[in-house]
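Novice: What follows is the residue order along each chain.
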Amino acid sequence: GAGVSQSPSNKVTEKGKDVELRCDPISGHTALYWYRQRLGQGLEFLIYFQGNSAPDKSGLPSDRFSAERTGESVSTLTIQRTQQEDSAVYLCASSPTQTRLETQYFGPGTRLLVL
Amino acid sequence: AQSVTQPDIHITVSEGASLELRCNYSYGATPYLFWYVQSPGQGLQLLLKYFSGDTLVQGIKGFEAEFKRSQSSFNLRKPSVHWSDAAEYFCAVAGSSNTGKLIFGQGTTLQVKP
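In order, the protein sequences belong to chains A and B.
Going letter by letter, the first sequence gives residues 1 to 115 in the numbering used here.
Going letter by letter, the second sequence gives residues 1 to 114 in the numbering used here.
Here chain A stands alone, though its shape is the one from the complex (with noise of 0.2 Å):
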């Protein structure tokens, strides 16, 4: 079956442009995860869904960050007025559910720069 599709897959936005990212889990995946990578280091934790519960937002690392999910479909991760720091690949995953002992099915993911 279908992988974890995310769009775009480049992004080149200005300083101060919202950017919008899209994520597509697998089908019958309930938990949904945003995961940041800047250059030379590992995935940082942003957000995750896990069905029609309130969303953990705790990796969030400011208020310009936002993500909204309906039900267990689409996502998308809203970066408001981007700054330079912003640039980096930005990954989704899911998970049949959202226990520990899931493995996480990871997008190809979104490269965004900020000039």
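Hints should not be assumed to be uniformly reliable.
To be verified - A short list of chain B residues far from chain A (calculated; beta carbon distances all over 10 Å):
(1) 6
(2) 22
(3) 25
(4) 26
(5) 49
(6) 53
(7) 61
(8) 87
(9) 112
Said to hold, decoys possible - Quick look at which bits of chain A chain B covers, simulated, 3 or more residues with Cβ under 8 Å:
(10) 38-47
(11) 106-113
For the record, the hints were derived by calculation from the structure and aren't laboratory data.
Predicted, not measured: the structure shown is a model, and the values here were computed from it.
Positions of the beta carbon are idealized from the N, C-alpha and C atoms, including for glycine.
With chain A's structure known, arrange chain B on it following the hints.
Specialist: Just chain B now, kept in the frame of chain A:
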């Protein structure tokens, strides 16, 4: 707070040689540990994971990892490296709550010499 340390940023081995990538974690309870691989232009793929039981776990592509509680380590090994193993490897631990939120190390880049 939970954390993961991968002491080696970059490792180079010859094809056919053995490989060990180090991972140390900081976690108060029984850790849930993972190794992921990120090949150029591809997403992260799970190699193996450890929750409990046998401390030596087998994964895909001939990799294995050993959990050592006394050393807070979860090192990844492969007896004979292939050129296609060149990639970036990430060790991760699941966070303290019963969620899948992962805390990653900074990664180790593996280069394979012919």
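Novice: Are the hints correct? Go through all of them and say.
Specialist: The hints, checked one at a time:
no., hint, in the structure
1, 6, "violated (8 Å)"
2, 22, "holds (14 Å)"
3, 25, "holds (13 Å)"
4, 26, "holds (14 Å)"
5, 49, "violated (7 Å)"
6, 53, "holds (13 Å)"
7, 61, "holds (15 Å)"
8, 87, "holds (14 Å)"
9, 112, "holds (20 Å)"
10, 38-47, "holds (count 6)"
11, 106-113, "holds (count 4)"
Checked against the numbered hints given earlier, this structure breaks hints 1, 5; the rest are met.
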